[in-house]
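Once you have looked at the hints, place chain B on chain A.
Chain residues, written in single-letter form:
2 protein chains.
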Amino acid sequence: MDISAVQKEYESLKAKGLKLDMSRGKPSPEQLDLSLGMLTINAYKDETGADARNYSHLEGLPEAREFFAPLLGVTAAECIVGGNSSLELMYHCVNLQPKRGKWICPVPGYDRHFRVTEKLGYELISVPMTANGPDMNAVEKLAGDPDVQGIWCVPKYSNPDGYTYSDETVTRLASMKTANPDFRIFWDNAYSFHYLDPEKQDYLLNILDECRAAGNEDRPIIFGSTSKITFAGAGVAALGASANNIKAISDYLSAMTIGFDKINQLRHVRFFKAEGGVDSHMKKHAAILKPKFQIVLDIFESEFRDCPELAYWTTPRGGYFISLFLQPGNAKKVVQLCKDAGVTLTGAGAAYPYGIDPEDRHIRIAPSYPSITELNQAAKLLALSVKLVGSNN
Amino acid sequence: MDISAVQKEYESLKAKGLKLDMSRGKPSPEQLDLSLGMLTINAYKDETGADARNYSHLEGLPEAREFFAPLLGVTAAECIVGGNSSLELMYHCVNLQPKRGKWICPVPGYDRHFRVTEKLGYELISVPMTANGPDMNAVEKLAGDPDVQGIWCVPKYSNPDGYTYSDETVTRLASMKTANPDFRIFWDNAYSFHYLDPEKQDYLLNILDECRAAGNEDRPIIFGSTSKITFAGAGVAALGASANNIKAISDYLSAMTIGFDKINQLRHVRFFKAEGGVDSHMKKHAAILKPKFQIVLDIFESEFRDCPELAYWTTPRGGYFISLFLQPGNAKKVVQLCKDAGVTLTGAGAAYPYGIDPEDRHIRIAPSYPSITELNQAAKLLALSVKLVGSNN
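Top to bottom, those sequences are chains A and B. Counting from 1 along the first sequence, just add 23 to a position and that's the residue number in my numbering. Counting from 1 along the second sequence, just add 23 to a position and that's the residue number in my numbering.
Be aware that one or more of the hints could be misleading.
Pairs count within a copy or across copies, as identical chains cannot be separated in the list.
[Stated by the list, open to error] Below are the DSBU-like pairs computed for lysine-lysine, each with C-alpha atoms no more than 30 Å apart in a straight line:
#1 K142 to K122
#2 K313 to K270
#3 K270 to K125
#4 K125 to K142
#5 K270 to K142
#6 K403 to K164
#7 K37 to K403
None of these hints come from the bench; they were simulated from the model. These numbers come from a predicted model, not from an experiment.
This is chain A alone, in the form it adopts within the complex:
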């Protein structure tokens, strides 16, 4: 590796005055355009005759519950259709847990998950992610602690690695002994339908079915949303859980709202029905996203071919992110070098509890928002920055 050539290339990219934000997993305008047809759907009565414009139906419009329930793998009675934010549903479901203690956080993971449990008074306990899901030996050991109240899971195309939990991981989560009888699995299936190639999809077991089979039907709460299917800021969120959980969650929600926006719920259902289902809509997203992931992976592969010790990365089959792992101690410096040249990445450490990556080696790449040209520049700049920092060690 000729480090002066790397330095020169970095400076020349920096001189272009880039201004790219890859910090969050935002859909691109092109993806948002896929759902523009939804904005002119003016239905307000659902198939049961319920008026979506008025109060009532705290658990969601009946037609919307029927539609979203199978997408979560539950029945309509086990489904609550909410507002535009699944994070908000998760926040409420954490807040109604009986005990403030510890919460298991597979790492790297989703920063906003960790922040919810941190804000609500939990001590965050990291367990390592593997290509099959969280390290289950570590999880099972922690579940023996009665102070442990729950675990965050993004079980399919995980944030940020893009891993999908194996059948063994799911069944062990469902059947493990927990010292806390109210232990909860927060199953944020945010990327359930977000494959990059319809021919190469991952498969995930149904957590509620597995928990039920193991006699633990109250253990999981399943979350999903259309934030990355329709509109990131104006989608529909939903949750699925046992009858006991649905009752507890409804009771809790009933103190704070009379109901969620059912007009938007109905608009979504009718849009998807007209589109021939969620899956046919997701194929269009995949066609936009796949080349974006590919360009980043291609650049990493070609740039790090002669210095494989500097970095390795995940190769997701879906989701919104790629995890890039550097030599310990290098992530913050690389993020700073990128920033100096106009490319904002997710802050180093963001994917770890309290924002601290103990080894300072992980960077989350979010390829969805920039254009292919911008991604080309950004991934190249990132690789050059990794080399510059690596050469100074």
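Showing chain B alone in chain A's frame:
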């Protein structure tokens, strides 16, 4: 009063098999139809260029903050535009208060307010409402208790009396000494624009201006929504407060959501702009509501003319409710008699903390939803029930 004639009339109405629900303040379908034009507004970029479809703008879309702020009597920077539920904003704002202690509840008042503070661990302290607002001598005395954290206020066309706070009430609330330096006025101006006759409107002082003048700018949080302007279940809620409060509320909200539904915010703004403003839209609501209030008041007046000792009631110039006061001990029985004949009223006691009207004399009338014909039957049935119960005392 010929009680056997009354009994006969009651039985004949009962025989009609009525099935009327007057339990909640729901807009009628005719009112909801006034905003149908909003459903085909497909704008998604606001005047600042912000994309309402994507993430970000936790405090609301810039164009929406500009639009809603003056309706609350604050600046755009002092305004957060939220989701479809102002109750939810209130819940969060109560939850972020530093102290769990006591909360002042003017009675009769709004049951969902009381439930929020009850659920969040406050002891509810009743103070009587008067035609000028809450009994300020009682409020000022309670404010001397450092455990008192706040007060619920529906300052204009109050729920359920329809009273508007006098200038003196507002200035006393703004300037009174509070032993708790973080004392908060929750100013739910839900019915700000909801006059029944544009020629006979009440006027309310600006609470933030008054508090600021008194050196207490962090004291009030102002809430409003379009739930009774556009769609009860799919409107837009907003709050206004000092810069300090806006910062604290934003910080709090940032843990639970990335942002509210900005598509619905923009749709509302553009709809009102096309309508020539909120006020011209409210005239249409008033035209529908005024005769509904009038029929109830007319029936009460004619039915109780010969027995004025049995009931008195408020005569609101706006809002969604009429308060009916009976002889002590009669409210529950009257609500039951109405129910037996097919008319569901708000449960007796609902307008009091813990659902208990200590004198069992108050009934909340919600005339908005039923048709004129139905109101005619329901108000008549109610009056007959009052007489039947009154005659048995």
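Here is what the structure says about each hint:
1. In this assembly of identical chains, K142 and K122 lie within 30 Å of each other by CA distance both inside one copy and across copies; the values are 14 Å within and 17 Å between.
2. Taking the shortest Cα distances, K313 and K270 never come within 30 Å of each other, neither inside one copy (40 Å) nor across copies (39 Å).
3. Taking the shortest Cα distances, K270 and K125 sit within 30 Å of each other both inside one copy (24 Å) and across copies (29 Å).
4. In this assembly of identical chains, K125 and K142 lie within 30 Å of each other by CA distance both inside one copy and across copies; the values are 12 Å within and 24 Å between.
5. Both within a single protomer and between protomers do K270 and K142 lie at most 30 Å apart by alpha-carbon distance, with minima of 25 Å and 16 Å respectively.
6. Taking the shortest Cα distances, K403 and K164 never come within 30 Å of each other, neither inside one copy (42 Å) nor across copies (68 Å).
7. For a Cα distance limit of 30 Å, the shortest separation of K37 from K403 inside one copy, 11 Å, qualifies, whereas the shortest one across copies, 80 Å, does not.
In this structure, the hints that do not hold are numbers 2, 6, in rising order.
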